[in-house]
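Whole structure, please, built from the sequences with the hints as guidance.
For reference, the chains in residue letters:
Number of protein chains: 2
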Amino acid sequence: MKLTILGSGASTPKINNYTTSQILKIKNNYFLIDCGEGIQMQLRKLKINFSKISCIFISHLHGDHYFGLIGLISTFRLLGRVSDLNIYAPKGLQELINLHLKLSQSWLNYRIIFHALTSKSQKIIIDNSDLSVKTIPLNHRIYTNGFLFEEKFNERNIKKSKIKEYNFKIEDLKKLKKGQDVYLDDGTKIKNSAVVKNLKKSKKYAFCSDTAYNTNIIQLISSIECLYHESTFLESHSDLAKKTMHSTASEAAKIASAANVGKLILGHFSNRYKNQENFLKEAKIYFKNVFLANEGTIFDI
Amino acid sequence: MKLTILGSGASTPKINNYTTSQILKIKNNYFLIDCGEGIQMQLRKLKINFSKISCIFISHLHGDHYFGLIGLISTFRLLGRVSDLNIYAPKGLQELINLHLKLSQSWLNYRIIFHALTSKSQKIIIDNSDLSVKTIPLNHRIYTNGFLFEEKFNERNIKKSKIKEYNFKIEDLKKLKKGQDVYLDDGTKIKNSAVVKNLKKSKKYAFCSDTAYNTNIIQLISSIECLYHESTFLESHSDLAKKTMHSTASEAAKIASAANVGKLILGHFSNRYKNQENFLKEAKIYFKNVFLANEGTIFDI
Numbered sequence: 001m002k003l004t005i006l007g008s009g010a011s012t013p014k015i016n017n018y019t020t021s022q023i024l025k026i027k028n029n030y031f032l033i034d035c036g037e038g039i040q041m042q043l044r045k046l047k048i049n050f051s052k053i054s055c056i057f058i059s060h061l062h063g064d065h066y067f068g069l070i071g072l073i074s075t076f077r078l079l080g081r082v083s084d085l086n087i088y089a090p091k092g093l094q095e096l097i098n099l100h101l102k103l104s105q106s107w108l109n110y111r112i113i114f115h116a117l118t119s120k121s122q123k124i125i126i127d128n129s130d131l132s133v134k135t136i137p138l139n140h141r142i143y144t145n146g147f148l149f150e151e152k153f154n155e156r157n158i159k160k161s162k163i164k165e166y167n168f169k170i171e172d173l174k175k176l177k178k179g180q181d182v183y184l185d186d187g188t189k190i191k192n193s194a195v196v197k198n199l200k201k202s203k204k205y206a207f208c209s210d211t212a213y214n215t216n217i218i219q220l221i222s223s224i225e226c227l228y229h230e231s232t233f234l235e236s237h238s239d240l241a242k243k244t245m246h247s248t249a250s251e252a253a254k255i256a257s258a259a260n261v262g263k264l265i266l267g268h269f270s271n272r273y274k275n276q277e278n279f280l281k282e283a284k285i286y287f288k289n290v291f292l293a294n295e296g297t298i299f300d301i
Numbered sequence: 001m002k003l004t005i006l007g008s009g010a011s012t013p014k015i016n017n018y019t020t021s022q023i024l025k026i027k028n029n030y031f032l033i034d035c036g037e038g039i040q041m042q043l044r045k046l047k048i049n050f051s052k053i054s055c056i057f058i059s060h061l062h063g064d065h066y067f068g069l070i071g072l073i074s075t076f077r078l079l080g081r082v083s084d085l086n087i088y089a090p091k092g093l094q095e096l097i098n099l100h101l102k103l104s105q106s107w108l109n110y111r112i113i114f115h116a117l118t119s120k121s122q123k124i125i126i127d128n129s130d131l132s133v134k135t136i137p138l139n140h141r142i143y144t145n146g147f148l149f150e151e152k153f154n155e156r157n158i159k160k161s162k163i164k165e166y167n168f169k170i171e172d173l174k175k176l177k178k179g180q181d182v183y184l185d186d187g188t189k190i191k192n193s194a195v196v197k198n199l200k201k202s203k204k205y206a207f208c209s210d211t212a213y214n215t216n217i218i219q220l221i222s223s224i225e226c227l228y229h230e231s232t233f234l235e236s237h238s239d240l241a242k243k244t245m246h247s248t249a250s251e252a253a254k255i256a257s258a259a260n261v262g263k264l265i266l267g268h269f270s271n272r273y274k275n276q277e278n279f280l281k282e283a284k285i286y287f288k289n290v291f292l293a294n295e296g297t298i299f300d301i
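Read top to bottom, the protein sequences are chains A and B. The opening position of the first sequence corresponds to residue 1 in the working numbering, with each subsequent residue numbered one higher. The opening position of the second sequence corresponds to residue 1 in the working numbering, with each subsequent residue numbered one higher.
Treat the hints as calculated values from the structure; they're not laboratory data. Accuracy of the hints is not assured; some may be wrong.
[To be verified] Subject to a maximum C-alpha distance of 30 Å in a straight line, what follows is the list of computed DSS-like cross-link-like pairs (lysine-lysine):
| # | chain 1 | residue 1 | chain 2 | residue 2 |
| --- | --- | --- | --- | --- |
| 1 | B | Lys169 | A | Lys47 |
| 2 | B | Lys274 | A | Lys45 |
| 3 | B | Lys243 | A | Lys102 |
| 4 | A | Lys2 | A | Lys200 |
| 5 | A | Lys52 | A | Lys14 |
[Unchecked claim] Label-pair ranges, simulated between beta-carbon atoms:
| # | chain 1 | residue 1 | chain 2 | residue 2 | range |
| --- | --- | --- | --- | --- | --- |
| 6 | A | Glu235 | B | Ser83 | 30 to 40 Å |
| 7 | A | Phe114 | B | Asn154 | 29 to 39 Å |
| 8 | A | Lys102 | B | Glu171 | 26 to 36 Å |
| 9 | B | Lys2 | A | Phe114 | 37 to 47 Å |
| 10 | A | Glu235 | B | Asn154 | 56 to 66 Å |
| 11 | A | Ser222 | B | Asn294 | 36 to 46 Å |
| 12 | A | Asn16 | B | Arg111 | 56 to 66 Å |
| 13 | A | Asn16 | B | Asn49 | 17 to 27 Å |
| 14 | B | Arg111 | A | Ala116 | 26 to 36 Å |
| 15 | A | Ser222 | B | Arg111 | 44 to 54 Å |
| 16 | A | Trp107 | B | Arg111 | 31 to 41 Å |
| 17 | B | Ala258 | A | Asn16 | 40 to 50 Å |
| 18 | A | Lys45 | B | Glu95 | 45 to 55 Å |
It should be emphasised that the depicted structure is a prediction, and the values quoted were computed from it without experimental measurement. Ideal Cβ positions, reconstructed from N, Cα and C, are used throughout, including at glycine.
In structure tokens:
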């Protein structure tokens with residue numbers, strides 16, 4: 001998986017400071033996670049092909065997480081998109097998109113498949129042999145979900161030495177990749193485990209924005225490779241964090257530590273802070289492997 | 001009047017190419033004309049004080065003219081706005097703003113006064129002693145208005161030599177400024193015309209975007225100081241201009257020439273053109289005093 005940060009600001013876009021938006025590439029699938037105002041300009045700047053975006057995930061309906069969506073949807077049409085677009089978002093967004101289209105007497109040449117999220121418990125929203133996506137119910141002022149992305153590795157890689165030794169036929173190679181045993185022409189059974197490498201462990205990325213400090217999510221993100229957790233405030237503004245149902249850098253790091261994740265990315269920084277190095281400093285007290293969601297940064301997961 | 005170009009692109013915002021938006025300053029009133037996606041970032045870049053914007057005029061409900069509005073409205077709240085905001089726009093926009101606010105469970109600490117435009121003939125929408133604003137019905141794919149802004153100069157300036165000669169009282173000066181005659185202590189009548197300078201001519205700016213070539217507007221903009229007229233295409237794409245109900249640079253210049261305006265500004269350039277110098281070249285065949293609506297350009301009117 002490859003995660004590209006498009007924006008990490010909170011509340012309102014500024015020059016060189018777009019609001020929350022990320023592109024996650026999983027096995028040639030390009031997923032857009034949240035979509036702040038003007039994000040289509042970031043996609044151009046970072047040379048991300050608009051037509052490759054197949055799914056958009058919207059955490060919640062505060063403007064800094066979705067005001068760029070209607071513009072992006074329009075631009076898709078202008079660019080000649082024909083392939084389906086899946087949108088996973090809280091209920092209500094479809095009505096808004098439809099009203100925009102109605103007022104502008106516009107149409108789309110592609111199909112939007114809306115998946116209205118309403119459940120307050122974790123739901124599997126995508127599950128196939130390549131990947132899965134589950135919601136992570138968060139605790140914010142309005143209905144909000146994080147998302148847990150899993151990249152699956154179901155195909156076994158066969159040891160090169162064994163391919164040479166047994167000179168497997170193509171159909172046998174396919175069976176071995178799927179984990180099955182095969183038989184040689186003379187009837188000898190070749191056990192799968194004897195010729196394949198260990199199955200690559202699936203990898204997981206969790207996106208958690210926006211949320212108050214919420215220990216309920218720890219079990220849902222246990223031991224994952226990478227966690228993005230909002231940290232709108234520093235501890236010095238913990239009163240504001242409580243009031244607005246956001247997290248501090250310390251709280252994000254405590255969650256990362258308790259969940260034993262591999263890496264923590266902090267973002268959704270309040271505009272009141274000029275320098276974000278203090279977020280790193282504060283988080284590192286509780287969790288060492290921590291990074292800032294700087295615009296344009298690419299994280300390999 | 002001072003006109004600042006925030007964006008002049010058509011259809012979709014790109015890096016350094018925002019869509020149609022302008023700020024017109026008339027006598028300390030800051031009017032925002034159209035509001036493309038991300039325009040709040042341009043306002044910051046050009047150091048325009050958000051709180052000074054008292055009125056927003058939206059020509060029509062195609063996304064490149066209003067997708068930045070909901071974001072700007074939200075940012076006004078975050079910045080602590082309390083003063084009224086007047087929005088002059090086609091009917092329907094209010095419903096959209098209200099739906100956005102409802103879905104995000106947001107509120108505003110200031111009042112939006114919507115002025116829903118529906119008339120297909122010219123209407124006076126603002127008229128006071130300082131200025132007036134009238135609609136200019138345009139001919140586009142959906143209901144569209146241009147806007148005619150007039151800066152009024154009602155106060156006479158009194159000749160310095162006469163002030164010295166007659167030693168007018170303050171109340172007499174006020175009367176003279178308003179165009180009235182006054183009487184000296186000895187009963188002598190002083191005719192207004194004998195002591196005041198000629199009244200400064202009012203100045204007019206017309207914003208006309210988007211529209212097919214439309215000679216009906218010529219009489220509405222006759223002899224004004226400055227005309228902004230869209231020119232989405234060059235003549236080489238006049239078929240596209242007809243089909244999409246836009247104008248070419250030639251057509252914009254012909255309108256400017258027929259209306260005998262002082263200055264023509266071209267904008268709303270299609271993204272297909274890399275170089276906009278050809279718009280100038282083409283327009284100059286029909287009208288000499290022509291300029292491009294380059295981002296950040298300020299026109300004194």
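Violations among the numbered hints: As far as the earlier hints go, 1, 7, 8, 11, 12, 18 are violated by this structure, in ascending order.
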